[in-house]
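**Student:** Each chain is listed here by its residues.
2 protein chains.
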Amino acid sequence: MNELTINLDSRSKKPLYEQIYDYIKSDIQNGRIPYGEKLPSTRALAKHLEVSRSTVELAYEQLLSEGYIESAPYRGFFVAQIDELYQLKKEEKKSERKIEKKKVYQYDFTPNGVDLNSFPYNVWRKLSKDILMDDRTELFRTGDPQGEYGFRSAISNYLYQARGVDCTPDQVLIGAGSDYILMLLGMILGTEHMIAFEDPTYKQAYRVIHTLGYETVPVAMDRHGMKIQDLESTGADIAYVTPSHQYPTGIVMPIGRRMELLKWAYEKDGRYIIEDDYDSEFRYKGKPIPALQGYDAEDKVIYLGTFSKSIAPAIRLSYMVLPKDILKAYRKKGSFVNSTVSKVDQKIVQHFIEEGYYERHLNKTRALYKNRHDVLIEALKPLGDICEISGEHAGVHILLTFKNGQKERNLIEKAKKADIRVYGLSDYRIRKDEKEKATILLGYANMREEDIKEAVAILNQCWRK
Amino acid sequence: MNELTINLDSRSKKPLYEQIYDYIKSDIQNGRIPYGEKLPSTRALAKHLEVSRSTVELAYEQLLSEGYIESAPYRGFFVAQIDELYQLKKEEKKSERKIEKKKVYQYDFTPNGVDLNSFPYNVWRKLSKDILMDDRTELFRTGDPQGEYGFRSAISNYLYQARGVDCTPDQVLIGAGSDYILMLLGMILGTEHMIAFEDPTYKQAYRVIHTLGYETVPVAMDRHGMKIQDLESTGADIAYVTPSHQYPTGIVMPIGRRMELLKWAYEKDGRYIIEDDYDSEFRYKGKPIPALQGYDAEDKVIYLGTFSKSIAPAIRLSYMVLPKDILKAYRKKGSFVNSTVSKVDQKIVQHFIEEGYYERHLNKTRALYKNRHDVLIEALKPLGDICEISGEHAGVHILLTFKNGQKERNLIEKAKKADIRVYGLSDYRIRKDEKEKATILLGYANMREEDIKEAVAILNQCWRK
Numbered sequence: 002m003n004e005l006t007i008n009l010d011s012r013s014k015k016p017l018y019e020q021i022y023d024y025i026k027s028d029i030q031n032g033r034i035p036y037g038e039k040l041p042s043t044r045a046l047a048k049h050l051e052v053s054r055s056t057v058e059l060a061y062e063q064l065l066s067e068g069y070i071e072s073a074p075y076r077g078f079f080v081a082q083i084d085e086l087y088q089l090k091k092e093e094k095k096s097e098r099k100i101e102k103k104k105v106y107q108y109d110f111t112p113n114g115v116d117l118n119s120f121p122y123n124v125w126r127k128l129s130k131d132i133l134m135d136d137r138t139e140l141f142r143t144g145d146p147q148g149e150y151g152f153r154s155a156i157s158n159y160l161y162q163a164r165g166v167d168c169t170p171d172q173v174l175i176g177a178g179s180d181y182i183l184m185l186l187g188m189i190l191g192t193e194h195m196i197a198f199e200d201p202t203y204k205q206a207y208r209v210i211h212t213l214g215y216e217t218v219p220v221a222m223d224r225h226g227m228k229i230q231d232l233e234s235t236g237a238d239i240a241y242v243t244p245s246h247q248y249p250t251g252i253v254m255p256i257g258r259r260m261e262l263l264k265w266a267y268e269k270d271g272r273y274i275i276e277d278d279y280d281s282e283f284r285y286k287g288k289p290i291p292a293l294q295g296y297d298a299e300d301k302v303i304y305l306g307t308f309s310k311s312i313a314p315a316i317r318l319s320y321m322v323l324p325k326d327i328l329k330a331y332r333k334k335g336s337f338v339n340s341t342v343s344k345v346d347q348k349i350v351q352h353f354i355e356e357g358y359y360e361r362h363l364n365k366t367r368a369l370y371k372n373r374h375d376v377l378i379e380a381l382k383p384l385g386d387i388c389e390i391s392g393e394h395a396g397v398h399i400l401l402t403f404k405n406g407q408k409e410r411n412l413i414e415k416a417k418k419a420d421i422r423v424y425g426l427s428d429y430r431i432r433k434d435e436k437e438k439a440t441i442l443l444g445y446a447n448m449r450e451e452d453i454k455e456a457v458a459i460l461n462q463c464w465r466k
Numbered sequence: 002m003n004e005l006t007i008n009l010d011s012r013s014k015k016p017l018y019e020q021i022y023d024y025i026k027s028d029i030q031n032g033r034i035p036y037g038e039k040l041p042s043t044r045a046l047a048k049h050l051e052v053s054r055s056t057v058e059l060a061y062e063q064l065l066s067e068g069y070i071e072s073a074p075y076r077g078f079f080v081a082q083i084d085e086l087y088q089l090k091k092e093e094k095k096s097e098r099k100i101e102k103k104k105v106y107q108y109d110f111t112p113n114g115v116d117l118n119s120f121p122y123n124v125w126r127k128l129s130k131d132i133l134m135d136d137r138t139e140l141f142r143t144g145d146p147q148g149e150y151g152f153r154s155a156i157s158n159y160l161y162q163a164r165g166v167d168c169t170p171d172q173v174l175i176g177a178g179s180d181y182i183l184m185l186l187g188m189i190l191g192t193e194h195m196i197a198f199e200d201p202t203y204k205q206a207y208r209v210i211h212t213l214g215y216e217t218v219p220v221a222m223d224r225h226g227m228k229i230q231d232l233e234s235t236g237a238d239i240a241y242v243t244p245s246h247q248y249p250t251g252i253v254m255p256i257g258r259r260m261e262l263l264k265w266a267y268e269k270d271g272r273y274i275i276e277d278d279y280d281s282e283f284r285y286k287g288k289p290i291p292a293l294q295g296y297d298a299e300d301k302v303i304y305l306g307t308f309s310k311s312i313a314p315a316i317r318l319s320y321m322v323l324p325k326d327i328l329k330a331y332r333k334k335g336s337f338v339n340s341t342v343s344k345v346d347q348k349i350v351q352h353f354i355e356e357g358y359y360e361r362h363l364n365k366t367r368a369l370y371k372n373r374h375d376v377l378i379e380a381l382k383p384l385g386d387i388c389e390i391s392g393e394h395a396g397v398h399i400l401l402t403f404k405n406g407q408k409e410r411n412l413i414e415k416a417k418k419a420d421i422r423v424y425g426l427s428d429y430r431i432r433k434d435e436k437e438k439a440t441i442l443l444g445y446a447n448m449r450e451e452d453i454k455e456a457v458a459i460l461n462q463c464w465r466k
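If you're matching them up, the sequences are chains A and B in order. Per our numbering, the first sequence runs over residues 2 to 466. Per our numbering, the second sequence runs over residues 2 to 466.
It is worth saying that the hints were derived from the structure and are not from the lab. Among the clues, some could well be false.
Each pair may be met inside one copy or between any two copies, as identical chains are not told apart.
[Unchecked claim] Each computed DSS-like pair below joins lysine-lysine, with the alpha-carbon atoms no more than 27 Å apart: (1) K433 x K204; (2) K438 x K408; (3) K204 x K104; (4) K365 x K15; (5) K334 x K269.
Make a model of the complete structure from these sequences and hints.
**Tutor:** If you want it as structure tokens, here you go:
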């Protein structure tokens, strides 16, 4: 081939070399210039198109680097052999985005709510600004895979004071949310384990662990929490528990049961307890219940905590405290995984804790939630003949267990008709049991006091129908 | 027991109820008050200690809720049965923090460097401030597990224009870093796959995938990249490739090889290609090489990208583009996993892209890296008799292959003695092969031009010794 006529548009935004490149590429793709065909020399084509030789060279180089043509020393440029080029044609893809119309309820007693009006926006903005001002390049460099040491240190101090957790900053691992923390733990432990769950349980963790490929087993609870004898009989080697405030029943595991659980872990090598301390910050009567980890004398407890509940769900910041053996395994199998939390966020929360904002924020939300809790308990009094309250004085939801034989789904349906969303305990059970009494969860963290009163009055009416 | 003498300190910061609680708890723990012992009534103890009855009640309630005592209706409070309390004593833990003294070199040719002096701090700060000003509560609510739609939309537009990637925002998944993205992909695909890697390869991804439990297999390369015949014979069903700029060799997979690779994937159900497009932004000659994903007609390519290379390592923001089948699997098995990236960060980068800052930043760093690249190539000319350069004109490192039979580790050692850090290609190989020619990687993204000149002059001397 010695001629190649291309209509160049010198007023186009597209550079001339790119127009030449596009033209030849599409001719090769369409088969108009076949395999093996020699292209005109750069000198000849430049002359023919009345452009500079370097323009043509640039076009040829691009074709070369993408592999459409090949160069043979002293002979020139030839079209490369490319199979299956006809496959290049693709149908246009259309976005399949479904606009999901989620029903919005007038009142929503979600147990996962967080009050965001009390969030200290100004403090957050100030900390964020100061940090971006100070650290410059250091802040954007690769960070410590385990989380920044200063931040881990702030967390271990906080955990010691507030939760009785006994650890050094070395044992703390930072991650972007509790789901990720479990994924990382899965990578460290491997999935050759059987993990026992309280039933009912925190389903999100259960799903993550199940999807990671672990064998899981539900263990029944009595009024003290997970039954250790039942746990023993499952053959599980890891127990996932929420001892300070069982999710969702609100049971506090008493010291006696805690000791039994620890004893279970001590009895065999390789047994561990995962203590998920997800919302221990919120207790409205007396002091917080200390963490199980603080009683562990043989490094058997993997402690999980999060700032998503206590600061805001969009703060993707959770952590775990590893016992010695697992820390060793982490250093071997997981410490090469880069951190999932930006240094900026780590610094903000570190300062938030160290400068006392976190404690103040906790006190503020605790007072707020306590008022809502009290209003809810008071508003529920007229329902005393049809249901019993449990799980009060802590957390951000209570449970109503019905005495009158109504079905859970009917109660939810009746509430729904009155534009109120309530949640059934069945959703948290691993083993469904039709014989269990209907139990409804009412969360109040995100409900105004007036709304609580109004909504409960309506529920009282519609649940009696 | 009818008396219980406790020395209360009314000037202590610790509330009186807590002093009573602490005293009784430690007496139970030490066995001074044995199991079954009846505690004094709240009335009697209050009188005895000269405190209000509610103070004692509060102390008892705390002991009750932690399970140290139990109440029997009409009879009073008794010490609960707690096994193994002697185990409570723990030795004090000492921080095992080792202050790792990493050798700091005068010149470090790391191939993973990023220039952070050119980072647009002011823009970042402004965007961050504006976003924290605007959105308030919405910004801190739970986000879309897949990533915010607006951000995914910005990414899919950018990918189409800059990389020829053909996707809708539905197919885009946001995650906190490339390691996490691979962990999430592992959760979606399950680990019952054999993944083929180019050899040498990007070891970080290899390690993550290996640790997740996948079977992995190295496949040899020729000058066009992964050999498809070798791939075919491995029995792998997933191929992990870096076609636009092979890491670390810098090979651009030509269109012909790309078509062969796609054909391999089309031939059997369940075969997929993972295209890691980690640093395609940096090309100093001609246009960027379009992504393989854009040629894929049968939804076989899982496309991975990141902002860690192009913005800053501490920006924990990567993404993947899923083909239809895998997207379905994600919706079933992975979409319940909460997002690992804060909404604030997603918004910042979304605006960074949409307001043109990203393109400007890329142009600026590309120009900067090109200069450093050119200075390095020029400085290396005197070494032409002992080594050959490859992998130039793109990315942020080049390779030097030695003709004079020197050993790689000797070259690295000689450089080290001159306080210069260079990297050996062997570190990137899955199969070690002593017969391979010594090849050194020189990264220049984080080196000043003067330093490049000085360091190369020193290398030229010490490598000849």
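**Student:** If any of the earlier hints don't hold here, list their numbers in rising order.
**Tutor:** Of the numbered hints, all hold.
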